[in-house]
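Residue numbers (full-length UniProt numbering), protein chains in the order written: chain A, 1 to 406; chain G, 1 to 339.
No lab work stands behind these hints: they were computed from the structure. Cβ coordinates follow ideal geometry from the N, Cα and C atoms, glycine included. Among these hints, one or two may not hold up.
Residues on chain A that point at chain G, a partial pick, calculated with CB under 8 angstroms [unchecked claim]:
#	residue
1	I116
2	T196
3	N199
4	S202
5	T203
6	V267
7	G334
8	S361
9	H367
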Amino acid sequence: MTFQKLALAGAVALMGSTAAHACAFENEVEIKMLSAGFEAWKAVSEAMAECGNFEAELDQEFRQKQPAAFAANPSLYQIGGVSNGTVTPLLNEGTIRPLDDLIEKYGQNLTPNQLIQIDGKTMAIAMMVNTQHLMYRSDIFEELGLEVPTTYEEVLEVAAAIEEAGVVEYPLGATMASGWNLAQDFNNMFVGYGGTFYNADSTPNVDSEAGMKALEMMKRLTEYMDPEYLVSDSTYVQQQFQQEKIAMANLWASRAGAMNDEAESAVVGRVATASAPLAEPGMPPATTLWWDGIVIAANISDEEAEAAFRVAMEGLDEEMVRANNSDAIWLVPGYRPDEMAQGAIATATATPPPPSYPSTSQMGLMHTALGSELPAFFTGDATAEEALAAVEEAYSSAAREAGLLD
Amino acid sequence: MKFKTFAMFVGPSVFLMLLFIAFPLVSVLLNSFQVTQPVFTTQEVETCSAGFLTQNCVTEVKTIPVLDENGDTVTTTEWVGFSSYANVLGGQRFVDAITSFDLGALLRIDFWRALRFTLTFTLITLPLVLGLGLAIAVVVNNATKAIKGPVIFVSLLPFIITPVIGGLSIRWLFYGDGIVTVWLEALFNTDLSIAANGWAIEFLMMFYRVWHVAPFAFVIFYAGLQTVNQDTLESAVIDGASRWERLRYVVIPHLMPLIVFITLIHLMDAYRAFEEVIAFSSESYRITLQYLTYDYLTPDDAGNRAISSASASAMLTMVGVVILLAAPLRRTWQEHRGR
Numbered sequence: 001m002t003f004q005k006l007a008l009a010g011a012v013a014l015m016g017s018t019a020a021h022a023c024a025f026e027n028e029v030e031i032k033m034l035s036a037g038f039e040a041w042k043a044v045s046e047a048m049a050e051c052g053n054f055e056a057e058l059d060q061e062f063r064q065k066q067p068a069a070f071a072a073n074p075s076l077y078q079i080g081g082v083s084n085g086t087v088t089p090l091l092n093e094g095t096i097r098p099l100d101d102l103i104e105k106y107g108q109n110l111t112p113n114q115l116i117q118i119d120g121k122t123m124a125i126a127m128m129v130n131t132q133h134l135m136y137r138s139d140i141f142e143e144l145g146l147e148v149p150t151t152y153e154e155v156l157e158v159a160a161a162i163e164e165a166g167v168v169e170y171p172l173g174a175t176m177a178s179g180w181n182l183a184q185d186f187n188n189m190f191v192g193y194g195g196t197f198y199n200a201d202s203t204p205n206v207d208s209e210a211g212m213k214a215l216e217m218m219k220r221l222t223e224y225m226d227p228e229y230l231v232s233d234s235t236y237v238q239q240q241f242q243q244e245k246i247a248m249a250n251l252w253a254s255r256a257g258a259m260n261d262e263a264e265s266a267v268v269g270r271v272a273t274a275s276a277p278l279a280e281p282g283m284p285p286a287t288t289l290w291w292d293g294i295v296i297a298a299n300i301s302d303e304e305a306e307a308a309f310r311v312a313m314e315g316l317d318e319e320m321v322r323a324n325n326s327d328a329i330w331l332v333p334g335y336r337p338d339e340m341a342q343g344a345i346a347t348a349t350a351t352p353p354p355p356s357y358p359s360t361s362q363m364g365l366m367h368t369a370l371g372s373e374l375p376a377f378f379t380g381d382a383t384a385e386e387a388l389a390a391v392e393e394a395y396s397s398a399a400r401e402a403g404l405l406d
Numbered sequence: 001m002k003f004k005t006f007a008m009f010v011g012p013s014v015f016l017m018l019l020f021i022a023f024p025l026v027s028v029l030l031n032s033f034q035v036t037q038p039v040f041t042t043q044e045v046e047t048c049s050a051g052f053l054t055q056n057c058v059t060e061v062k063t064i065p066v067l068d069e070n071g072d073t074v075t076t077t078e079w080v081g082f083s084s085y086a087n088v089l090g091g092q093r094f095v096d097a098i099t100s101f102d103l104g105a106l107l108r109i110d111f112w113r114a115l116r117f118t119l120t121f122t123l124i125t126l127p128l129v130l131g132l133g134l135a136i137a138v139v140v141n142n143a144t145k146a147i148k149g150p151v152i153f154v155s156l157l158p159f160i161i162t163p164v165i166g167g168l169s170i171r172w173l174f175y176g177d178g179i180v181t182v183w184l185e186a187l188f189n190t191d192l193s194i195a196a197n198g199w200a201i202e203f204l205m206m207f208y209r210v211w212h213v214a215p216f217a218f219v220i221f222y223a224g225l226q227t228v229n230q231d232t233l234e235s236a237v238i239d240g241a242s243r244w245e246r247l248r249y250v251v252i253p254h255l256m257p258l259i260v261f262i263t264l265i266h267l268m269d270a271y272r273a274f275e276e277v278i279a280f281s282s283e284s285y286r287i288t289l290q291y292l293t294y295d296y297l298t299p300d301d302a303g304n305r306a307i308s309s310a311s312a313s314a315m316l317t318m319v320g321v322v323i324l325l326a327a328p329l330r331r332t333w334q335e336h337r338g339r
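Work out the full structure, taking the sequences as your base and the hints as a guide.
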C-alpha cells in the first residue's frame, strides 16, 4: 500500500479541452472532480472532459484528501469519485447532497440498480462493481488437466499440482501487502467463514472461530506464494501474472483488463476468471462486493451542483461504456460483459451472494487494526490467537478514542 | 548594545520561533491530553447499494455521528489525562507483558517494537557514519589535486539524492528479482527473498542510512582536516609517529568538537527515521517511532484519525530525542565552560 502511495503520490491531472465534442451540452460552470486513479476513472473523466470547463484529479490517495476537501465551504471539488468503503466519512459528515431532484431532471438513463440510497434518499450514483475473484492461467490448467477450483481446499490441491509440475515460479499470488491489502484479504476469508467483524454494541468480534480459520487458511496458502508476499499489493500481483510468474490469484476485477494489455502483458488471452472460491461449502464466496461511483458536494451552489451532475451523466453514458467496455464491470446501460467479466459476474450472482463491504465507522477502525496487527502473525512473531487478540485490543483503543466505545 | 537595539534585532526571530516552534509544540502537548470525538447515535438505516443485476437493500442499525442544524458534526472535547499515553504504550498488554517478564509480548506492542528498532538503528548507524565519513575525508584529503574535485562530487552524490528516491533505488536493487539479488542467487546458487526477512530489511535500512548520511560527515570532517596544525603533524613525523598514530593522537583530538557535532545531528535525525519505512515497505517487520505517529494520523476509510494518540506518540518521540542528546550535550557544555 505504502509503495503504491509513493508511486502514485503525484496526482495525475487531466485538463479538459474547452471544445465540446461528444457532449450533449456545453458546460459553462467550472467543475472539478477528485477520484481514484484506476483505468475506469480515466475513462470516465475523459468522457466528462468533453463537456468543457472540467478538471479531474485522479489520485490513489484520494481517500485521505476527500473528507477534508468536501468539508470545506465552498467544497474544493464539485464531484467526488467514491466506493462503498470511502463514501462513509462523506455520508457521516453530511458533505454530499441528495441527488433525487437532479436525477428526475437529468438522470433518465440511469438504471435503478445504480442508485445508492440511504433511507430512501439517493446519495451516490454507482458506475461499476468491483470484487476480488479467482484469476488463473487457463493454458496451464489445460496443459496439466486441472479443474478450476471452487473452494480454497481445492485451490491448495491445484497449487500443489502446479508446484509439482514446476511450470511457474510460484503457483499462487495474493494481495497481502501489510496494511490495507492484507486486512482486505483477511476480510474476504473471514466473511467466507461466516464471521462478523463487530457486535451490535461496537465491540470487536474477530477473535472468533471464523477469525482463526481464516488466518489458518491464509497461512496455508502462503506456502505456495512468493515469500515476499507482505509487500505484494494489487499492482504487484497484476505484474506477477503479466510476467508469467504465478498461475492463480484472488485479484480485483478492475485488474482483469490489464491481463490482455499487449503493451505490458506476456499472457494475453491466457488468463481466465472464475468465481471467488468458497472458504466453506454452503457459505458465500470468500470475498466482498464493492461499487464505485460519483457523489456531488453539499457545500456548493445549486447551479454548480446541476452543472456537475450533468457533466457526470455525460461521463457515465453509453458512449463511454462502449469505448471502454473492458475497463470495468460497468453498471451503465450498454455494457456487454466480455470473457474476463465472467468471474466477477459468477461471484456477484452466487447463492448465497458475498456481502457488500460494510461502509461504517467501525469497519474503518477494524480495517486499520487488522492491517497493522496481522503482519506479526505472518512474520511468525505472534500466534493466530495473539494476533487476533492484538487486533481486538487495537480496535478497542481506537474505538474509544473515536467515541464509538465507552 | 543597548537593550532596545538588541530587542529590535532579536524580536522578529523570537516571534517567528514562538509562532512556528513553541505554539505548535504547546498545541501538540495539549492535544495529547485531550480527546475530541463526534457524538454518535445509533439508528435504523435503510441502505440500498448496487449489486450486479439488482439493487440490494438492507435495513440495519448503524452508528452515525449527530449533525447540528448547520450540517456540522457535533463534537465533544474531554480532558483524558495520560490515557492517550497509556494507549500508545500498550495499555493492558504492556502491563501483562511486564508482569510476566515476557519480552516477546512486549515487542509485539507497536510502540516498543518501534522503540527497539529505532534505538538499534540510531546507535548502530552512528559509529558507521562517523567512521566512514572520516575515512572518506582522509582519503580525499590525501588524493592528488587533479582528481580531488571529481572524488568530492561522487562522494557527495548520495547526500544530494532525495531521501526516498535513494531508498527506493536500493530497494529495487534487492527486492523481488532485483539485480543484486539475482547476482547473489547466481553466486551462491540459492533462491533469495530479501523482503521476507526482517533482519535483511533491517540491514538494508541501516545500509541506506549510512550511505545517505556519510557524505554529510565527510564534508564536515574534510573542512576540519584543512585546519589541522601542520607544524604539529610535521613534528609528529619527526618523532617517528606512524600514519595511524598521527591520525589517532593529532587529527582525531583536533576534530573532536566536530565529532560531537555530527553525533548530535545524527542522533536527532536517525531517531526520527521515517523515509526508510516507506521506501522499504518495512511495516510488517520494522517500524520507527516517527512512522508510528504518522500511522496514528492517517485517516482510515471511514475518516477516523487518532489525533490524541498521535500527539502522545509525537511527545514521547521528543522525550526520547532529549534523553539521547543529554550525554553529548552535557559534554559540549562542560567543554564550553572549561574554556
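Cross-check of the supplied hints:
{"no.": "1", "hint": "I116", "result": "holds (5 angstroms)"}
{"no.": "2", "hint": "T196", "result": "violated (11 angstroms)"}
{"no.": "3", "hint": "N199", "result": "violated (11 angstroms)"}
{"no.": "4", "hint": "S202", "result": "holds (6 angstroms)"}
{"no.": "5", "hint": "T203", "result": "violated (12 angstroms)"}
{"no.": "6", "hint": "V267", "result": "violated (17 angstroms)"}
{"no.": "7", "hint": "G334", "result": "violated (15 angstroms)"}
{"no.": "8", "hint": "S361", "result": "holds (5 angstroms)"}
{"no.": "9", "hint": "H367", "result": "holds (6 angstroms)"}
The earlier numbered hints that this structure contradicts are 2, 3, 5, 6, 7.
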